[in-house]
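**Student:** Each chain, letter by letter, is given below.
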Amino acid sequence: MTSIELRGVWHRYVGSNDWVLKNVSLTIEPKEVVVITGHNGSGKTTLLKIASLIYRPTKGEVLVGGKEFWSLTEDEKLVIRRKVVYVHEKPILLRDTVLGNVAYGLRVRGLSNDELLRRCKEVLEELGIWGLKDVNAYKLSVGQAQLVAIARALTLNPEVLLLDEPYAHLDMKKKEVLTKVLSRRSVEGMTLVIATHQKIDSTELRITKTVTLENGEVVNIIMK
Amino acid sequence: MISDETIATILRSIYVSGTATLLASVWSLPTSYVLTLKRRVGVVEAVIESLVGIPTVLLGLLLYILLSSSGPLAPLGIKLLYTPQAIILGESILVTPLMISTSYRVLKNSVVMYSELALSLGASKTQVMTLVIRESLPGVVASIIMSFSRALGELGIAMMVGGNISGYTRVMTTAIALGVVRGEFEEAIVLGLVLMAIMVVISVTLKLINKVYGID
Numbered sequence: 001m002t003s004i005e006l007r008g009v010w011h012r013y014v015g016s017n018d019w020v021l022k023n024v025s026l027t028i029e030p031k032e033v034v035v036i037t038g039h040n041g042s043g044k045t046t047l048l049k050i051a052s053l054i055y056r057p058t059k060g061e062v063l064v065g066g067k068e069f070w071s072l073t074e075d076e077k078l079v080i081r082r083k084v085v086y087v088h089e090k091p092i093l094l095r096d097t098v099l100g101n102v103a104y105g106l107r108v109r110g111l112s113n114d115e116l117l118r119r120c121k122e123v124l125e126e127l128g129i130w131g132l133k134d135v136n137a138y139k140l141s142v143g144q145a146q147l148v149a150i151a152r153a154l155t156l157n158p159e160v161l162l163l164d165e166p167y168a169h170l171d172m173k174k175k176e177v178l179t180k181v182l183s184r185r186s187v188e189g190m191t192l193v194i195a196t197h198q199k200i201d202s203t204e205l206r207i208t209k210t211v212t213l214e215n216g217e218v219v220n221i222i223m224k
Numbered sequence: 001m002i003s004d005e006t007i008a009t010i011l012r013s014i015y016v017s018g019t020a021t022l023l024a025s026v027w028s029l030p031t032s033y034v035l036t037l038k039r040r041v042g043v044v045e046a047v048i049e050s051l052v053g054i055p056t057v058l059l060g061l062l063l064y065i066l067l068s069s070s071g072p073l074a075p076l077g078i079k080l081l082y083t084p085q086a087i088i089l090g091e092s093i094l095v096t097p098l099m100i101s102t103s104y105r106v107l108k109n110s111v112v113m114y115s116e117l118a119l120s121l122g123a124s125k126t127q128v129m130t131l132v133i134r135e136s137l138p139g140v141v142a143s144i145i146m147s148f149s150r151a152l153g154e155l156g157i158a159m160m161v162g163g164n165i166s167g168y169t170r171v172m173t174t175a176i177a178l179g180v181v182r183g184e185f186e187e188a189i190v191l192g193l194v195l196m197a198i199m200v201v202i203s204v205t206l207k208l209i210n211k212v213y214g215i216d
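Chains as they are written, first to last, in this note's numbering: chain A, 1 to 224; chain B, 1 to 216.
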């Protein structure tokens with residue numbers, strides 16, 4: 001199983017002199033459920049994108065399974081990236097149907113059409129949106145689009161799933177469904193990292209660590 | 001009602017402007033893609049955007065000097081003045097800033113957004129690039145159509161380097177100009193209406209592309 005460790009990570013965007021993350025050190029152990037909280041602009045999204053191996057930090061190290069990720073070869077990086085999946089706060093969907101969107105990650109892994117359909121159906125049914133499978137992604141509401149983006153990540157059954165504000169656009173009923181699905185995945189051994197403003201039902205989802213960010217710094221870590 | 005010559009002029013216009021647009025896309029689209037990968041392109045962006053509105057007569061004049069028999073290219077044996085190729089070259093240069101500018105805007109957003117998405121879903125470098133191209137395609141096609149429209153409607157270059165030679169370099173805009181000078185309004189009006197119709201079709205096509213593919 002994959003652990004991700006951020007060691008002394010600093011990050012600033014190109015063209016800016018302001019540090020978005022300042023000396024952040026954080027370890028995400030296998031099977032953990034880590035919640036990252038903080039105000040807008042505290043650096044949650046940047047932290048998640050660094051931990052999901054999308055952004056390379058300006059300074060510091062990102063260790064995956066003990067190896068510095070950014071010094072690996074492209075092939076080695078790809079193998080690891082396929083175990084770590086990130087879902088954006090604002091869902092990014094492709095010009096395709098819901099099914100086409102959900103199947104994308106499986107297609108890049110070269111799965112057969114039968115297997116692909118079976119896995120998509122399973123996840124879409126679990127999230128209660130199988131009925132939308134033939135709908136054009138551009139016709140979805142933001143909440144539906146959010147669920148489709150999450151479904152696309154879940155079909156890949158990653159070892160580590162990082163979700164940026166997954167509840168932001170969902171109504172109460174959909175929030176409950178999503179929490180139950182995430183809880184099930186966590187019990188099965190998936191590592192979850194959730195950045196959110198909102199309170200998560202801790203009776204349903206077994207949170208192991210809550211990290212609070214403020215102005216790009218980790219100000220508090222509560223272990224449970 | 002429409003003479004053979006008029007039909008030939010219409011077809012020649014479409015051929016010349018279409019070829020010029022395709023030629024411009026050969027260098028404009030890769031340039032846009034390369035620009036999206038560069039980090040500090042503010043100055044380049046500003047220069048390209050300012051060149052979008054370059055007067056066609058100015059570009060026509062520069063090309064005329066360049067291609068004339070006493071121009072800098074004459075010793076090399078390049079004799080393009082008053083040929084359709086000269087118009088094609090001129091129009092392709094004319095639409096280059098427009099095509100780079102519009103396609104860059106499309107690609108800039110797509111490259112960042114879809115690269116991140118593809119990476120986060122475990123795509124290889126080739127798969128990332130394929131996805132970016134696939135998702136940007138409607139916007140890039142819209143940029144090409146817009147450039148074709150600009151090439152088709154320009155007059156200065158076609159007149160100055162084409163020479164408006166009947167049956168050879170005469171295109172719709174130069175034929176309209178000549179018709180007005182000669183007082184032969186009938187053909188000028190027919191060509192004007194055809195030009196207008198083509199522009200309307202282009203505009204509707206662009207709107208459809210934007211609507212169907214949800215381009216902002």
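Some hints here could point you the wrong way.
Here chain B is said to cover these stretches of chain A; the calculated rule only asks that three of the stretch's residues, wherever they fall, bring their Cβ under 8 Å from a Cβ of chain B [unchecked claim]:
#, segment
1, 30-43
2, 145-158
3, 166-174
Here are the computed lysine-lysine pairs in the DSBU-like style, where the Cα-Cα straight-line distance is at most 35 Å [to be verified]:
#, chain 1, residue 1, chain 2, residue 2
4, B, 211, A, 175
5, A, 83, B, 207
6, A, 199, A, 224
7, A, 139, A, 22
Source of the hints: derived by calculation from the structure; they are not laboratory data.
Just so you know, even glycine gets a beta-carbon here, dropped at the ideal spot from N, CA and C.
**Student:** Work down the list of hints and note, for each, if the structure agrees.
**Tutor:** To see whether the hints hold, each was checked on the structure:
{"no.": "1", "hint": "30-43", "verdict": "violated (count 0)"}
{"no.": "2", "hint": "145-158", "verdict": "holds (count 3)"}
{"no.": "3", "hint": "166-174", "verdict": "violated (count 0)"}
{"no.": "4", "hint": "B:211 x A:175", "verdict": "holds, 31 Å"}
{"no.": "5", "hint": "A:83 x B:207", "verdict": "violated, 41 Å"}
{"no.": "6", "hint": "A:199 x A:224", "verdict": "holds, 16 Å"}
{"no.": "7", "hint": "A:139 x A:22", "verdict": "violated, 40 Å"}
Checked against the numbered hints given earlier, the structure breaks hints 1, 3, 5, 7 and satisfies all the rest.
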